Amino acid sequence: NAGVIQTPRHKVTGKGQEATLWCEPISGHSAVFWYRQTIVQGLEFLTYFRNQAPIDDSGMPKERFSAQMPNQSHSTLKIQSTQPQDSAVYLCASSTGTDSGNTLYFGEGSRLIVV
Amino acid sequence: GEQVEQLPSILRVQERSSASINCTYENSASNYFPWYKQEPGENPKLIIDIRSNMERKQIQGLIVLLDKKAKRFSLHITDTQPADSAMYFCAASADSGGSNYKLTFGKGTLLTVTP
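Sequence order for the protein chains is R and Z. Counting in the numbering used here, the first sequence runs from 1 upward without gaps. Counting in the numbering used here, the second sequence runs from 1 upward without gaps.
Derived by calculation from the structure, the hints in this document are not laboratory data. Every value quoted in this text rests on a predicted model; they were computed, and no experiment measured them. Worth double-checking, as some hints may not be accurate.
[Stated by the list, open to error] Which chain Z residues face chain R? A few, computed with CB under 8 Å, are given here:
{"hint": "1", "residue": "Gln3"}
{"hint": "2", "residue": "Pro40"}
{"hint": "3", "residue": "Leu46"}
{"hint": "4", "residue": "Ala70"}
{"hint": "5", "residue": "Lys71"}
{"hint": "6", "residue": "Pro82"}
{"hint": "7", "residue": "Phe89"}
{"hint": "8", "residue": "Tyr101"}
{"hint": "9", "residue": "Leu103"}
{"hint": "10", "residue": "Thr104"}
{"hint": "11", "residue": "Phe105"}
{"hint": "12", "residue": "Lys107"}
{"hint": "13", "residue": "Gly108"}
In this text, a Cβ means the ideal position worked out from N, Cα and C, and glycines have one as well.
Just chain R, with the same shape it has in the complex:
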């Protein structure tokens, strides 16, 4: 089992550019989560899919962030018009999602730097 796979591992983008991050969850896991990690804020919840359907996007900055899960093996997080404050490690996690209490398996993260 390869675990949760995230690409790219590192991305440097200019202010105002678009950044797209990819996540491949563990095969058979029905829940996919996106978190953002910074030193100041820690692990911030962004959004969550279950069986590819969006369940909760309450953590997503509304204007420039979007997430999709077009199939069970692939989710994307897109940031339009990136700003320096978007610089962070974006972590994708998956779980079996059958009930509360499921272990989240995190990917290695995508480190985004906006210059």
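Based on the hints, put chain Z in the right spot on chain R.
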């Protein structure tokens, strides 16, 4: 939504002593409380968890206590070793309407165990 407060943010202990990290939560419906350990350059990994039907759980040198009345839970690491040095995150989740199991994390505790 849920809010999780975690203290201390930095903890330094001597090898073979105990380390304690405390978390509080707001949502009385929260019923699952995991702890994740993140080593430098790595992704967070589950180390121990406790559900609301328990008050205490121990796995080897890790002890978790849950006080539902006070909405407080804690991690105690006994007989610490330098290998325990890492960032530790507490988290809480509640089953909100049958399908939303997102985890809300505390901001983390950086534990350093000195020889």
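Hint-by-hint comparison with the structure:
no.	hint	result
1	Gln3	violated, 12 Å
2	Pro40	violated, 12 Å
3	Leu46	holds, 5 Å
4	Ala70	violated, 21 Å
5	Lys71	violated, 16 Å
6	Pro82	violated, 22 Å
7	Phe89	holds, 6 Å
8	Tyr101	holds, 5 Å
9	Leu103	holds, 6 Å
10	Thr104	holds, 6 Å
11	Phe105	holds, 4 Å
12	Lys107	holds, 4 Å
13	Gly108	holds, 5 Å
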